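Visitor: What follows is the residue order along each chain.
Number of protein chains: 4
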Amino acid sequence: MPEFQNILDNIYIEAKKTVDKGEIASYIPQLACVDINNFGIALFDKNGMLHSSGNTQERFSIQSISKVLSLSLAFNLLGEKLWERVGVEPSGDPFNHLSLLEQENGKPRNPLINAGAIVVADILVSHLKNPKEELLQYVRKIANDNSIDYDKDVAKSEKETGFRNYAAAYLIKSYGNLENDVETVLDFYFHQCSLSMSCEQLASTFYVFANRGKCLKQTQHLNLSQIKRINAIMLSCGFYDEAGEFAYEVGLPGKSGVGGGIVAVLPDNFSVATWSPGLNEKGNSKLGLQALEKLTTESGLSIF
Amino acid sequence: MPEFQNILDNIYIEAKKTVDKGEIASYIPQLACVDINNFGIALFDKNGMLHSSGNTQERFSIQSISKVLSLSLAFNLLGEKLWERVGVEPSGDPFNHLSLLEQENGKPRNPLINAGAIVVADILVSHLKNPKEELLQYVRKIANDNSIDYDKDVAKSEKETGFRNYAAAYLIKSYGNLENDVETVLDFYFHQCSLSMSCEQLASTFYVFANRGKCLKQTQHLNLSQIKRINAIMLSCGFYDEAGEFAYEVGLPGKSGVGGGIVAVLPDNFSVATWSPGLNEKGNSKLGLQALEKLTTESGLSIF
Amino acid sequence: MPEFQNILDNIYIEAKKTVDKGEIASYIPQLACVDINNFGIALFDKNGMLHSSGNTQERFSIQSISKVLSLSLAFNLLGEKLWERVGVEPSGDPFNHLSLLEQENGKPRNPLINAGAIVVADILVSHLKNPKEELLQYVRKIANDNSIDYDKDVAKSEKETGFRNYAAAYLIKSYGNLENDVETVLDFYFHQCSLSMSCEQLASTFYVFANRGKCLKQTQHLNLSQIKRINAIMLSCGFYDEAGEFAYEVGLPGKSGVGGGIVAVLPDNFSVATWSPGLNEKGNSKLGLQALEKLTTESGLSIF
Amino acid sequence: MPEFQNILDNIYIEAKKTVDKGEIASYIPQLACVDINNFGIALFDKNGMLHSSGNTQERFSIQSISKVLSLSLAFNLLGEKLWERVGVEPSGDPFNHLSLLEQENGKPRNPLINAGAIVVADILVSHLKNPKEELLQYVRKIANDNSIDYDKDVAKSEKETGFRNYAAAYLIKSYGNLENDVETVLDFYFHQCSLSMSCEQLASTFYVFANRGKCLKQTQHLNLSQIKRINAIMLSCGFYDEAGEFAYEVGLPGKSGVGGGIVAVLPDNFSVATWSPGLNEKGNSKLGLQALEKLTTESGLSIF
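These protein sequence lines map, in sequence, to chains A, B, C and D. The first sequence maps to residues 1 to 304 in my numbering. The second sequence maps to residues 1 to 304 in my numbering. The third sequence maps to residues 1 to 304 in my numbering. The fourth sequence maps to residues 1 to 304 in my numbering.
Because the hints were derived from the structure by calculation, they are not lab data. All figures in this text were calculated on a predicted structure; none of them were measured in a lab.
All copies of an identical chain are treated as equivalent in the list; a pair is satisfied when it fits inside any one copy or across any two copies.
Restricting the straight-line Cα-Cα distance to at most 30 Å, the calculated cross-link-like pairs of lysine-lysine (BS3-like) are: (1) K81 <-> K21; (2) K46 <-> K16; (3) K81 <-> K107; (4) K132 <-> K81; (5) K21 <-> K152; (6) K294 <-> K81; (7) K214 <-> K132; (8) K107 <-> K156.
Between the sequences and the hints, there should be enough to build the whole structure, so can you do that?
Guide: This is the structure:
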């Protein structure tokens, strides 16, 4: 096993020296006021040992990273039937996801683009009695951490500015692929995106995907086939139109969020989470990507 | 001047004999219960004389025909500045108007597709104190008929099923081209589409576009340049992706609605309205198109 | 009848004073060396009288204007069957005509975009013994002018740089909508585009479309239904994505070419041709458009 | 190490029993006459030991599998500069690759779609003295097998029917992203696709991608960074719009060809090649996919 703590410390030092940290996402007002100088990286190795460096306990908005967690819960509930309502192929498209939705009659390409996550949200709203409550319980259970919670201000802020998500939801509904009210589904979706977690909490939560479905306390939450499917989707679709680049530079299944977080896993080896709020022009955390590249390069560990 | 009454009577007889009347639009529940056997045609000649045949006094939902009237009012209010928010080119596209909206950053191609009419509705909502009330007064004034009114049941029915219009409105709003709430704008828009008018009322209303801006009572409502612009838009964009076909078969500026109505004008000559609820596969009234083709062929009058 | 000669003289004087003449098309090397200061306008009135002002006898490359002439000949040969291979709807699209071709399985939107004209060229190559020779004879006959000819240097220049046309032709062939060799079809097409004509010759040739199918010598070349169809196509599709603008500003069926020529007709009234090599950003002659707008404004004649 | 020979034998037995073998590609006439009952699977393990079952020595047309080999050679020649002319992102698109080319101004999405492989071919034509000869030598060297050769009949057959490839090449050239003649580039490209190899030869050739750049004779042909990049591209882009499905079902970087071949590698573990000419509706070998899924399931080996 590599000297993870050393590697993380070097990554932190280098991150602190980097001048160009990218740009903070501005379209969600609540996210715009985060300090760009935050940087943290936390990793759980195959023995469940934590290694970390930087602000790894401060919480931030996990945003799109939450899509993996809602997918995981919906996959548990529906099994393979899930794929009748959402695909598993990369969208290959930076921008016009509504065009794709029209071309493909309202079935989103995959569950990690917004349109796909909205369909997953609809499924959870249909199948759960108290959707927001139950998703929160699910995340807390996998993470073994009852302090995880939604950030209601962020959820409200997204609701007031998320016109594109409304457009996607209504378009999906016009094709008959949304069972519930748009308002109800998006209320759930905006809450899910507003989950507030630290690097340590994220790395702990995603340990389940590195550990064949078992969390740090060795409780089985997903079976091996489900883990394989979700990891494959993260690798193919986790980074929008930078998925190919990430597959090469980092070589791990992972998922980013506009809050500046990135999680990644190496099956049977480790889960890792980084946080740096500045984004590159593709919407992924700039220093986070560099950190993960450095991690796989220095440790010599990747799927390739 | 041709023997209009004779021509209209022949058109009516032929329409009655036609077996294949097309299909009634089913996506707005309130429209689905209209009797497909209705047929009417009404024409005002250059002297303001009415010629008509069939059910020309029964009212039906004018739907998209209303887009010309709201455009006319908005053009009066804004003048050429209107074209900063909506284009004047044909969309050339049967289906994916949201794709086009994305490609063109939220500026709809023209005011006669749904997306464009929604922007026009937004403009009216911004500029009028009581938008629904004032549009109704405007139409009544041009038509010289105070009995014209909205059909609230149709408006409500559209609101409950108009998911695609919601998608378009939110997408436009995400590009900053909608000033008001989506709900407010669409409430206005659905009312506008629900205007209930007969063939005679429609022909009377559109006389203004055949008569250089003056209504049947010779009051000036639009100037010549405005009339020319709106007629050009009707000719290029009035029939979705059947505009080219209509320009050839009929050769008149016009506009159709899914309620089965069609209006058309020959500048300096006549305005005409037909009603037959069955639509062809492009969404235009099947017998209405045949009637107008017969009218221009038999009268020898068209713009070409 | 308006004082055409006066109007044309005023147009000429104003054109000469205009500083911003647009940009000469540079992608066909042979066209790039034309003097931008050329300007001419020629009109045949309903009595067949010529009115003209400026360089109306100098010949230039008519380019896409030729598409109307090849369409006219193909329509004569095939009749309504022509529309099985090419549509009649505006493309509404400035740029990606290959995308549209893919969406619509190799059937071009209309005969006045390049892809459509290539299909028309294929039809002529299939139906004529000596296609290039016979098209030339056809044009000479309508124009009553045996001096009209191809410009072989221009044809050669286009062949060497026309990669996009090759792409379109091969794509059409991949869908089975091209019967002949791509090379043979494009050789014909590039020759057709290279036709070299003056404003007077163009106005004379297009008189047939203003005069219900009869040329200046009153020989019938097309019937009334054919004329109506072609005029409708010119109005809807003659100016790429500026068709809607042209329909409004000028209000006449017409066609432009990148050589700087524009022709237009007012049925039963006149045919007109302008030449000014500078183009606007949509690829239509800048001063030509202004001239035609002035013509319809000052004469009070348009289809609307 | 798993009992590979046992697993392969079981795969072979099951394949023989499967009734629905998919459909043979018909668009290249020379490929249409292959016997659909052929089935072979060959694997080199980490010790360089061969395991095989079925027709593993019969040669077939490797088609698109060759794109990995030409990419490998071009990457060797140009290094990272290669990515200025072709991307590394999945296209996510089953069909309209020409649309994407237009949207992205002639820079293909990745080197494993046709358009991208044509750009790679152009690079090789520019950089090699005898491109066809030198590519062949390169493949023979990696494979340690001088009997590998082109199938000239297949190459000729593709040339006569490859209209879509001509369309792509001309479109790329129109954007200035093709240095050489379309004819020259496609002649090279069609030859490359016509490479005729057996499962054993393919598994032997691709051993280099499983063995950190060293072939079976332990000669270094690519460095580790290059191997990582190419494996990442195979995983993201190797199976057209079935890439996401393959990533999940099989979980290995790989590449398919319409000749019915598939290659895949597990880094540091094995290279494998299958052949079964029947394709599924996405154009990938039906039994080949099933075989590889069974291989990773039974061996418990995949990247996830």
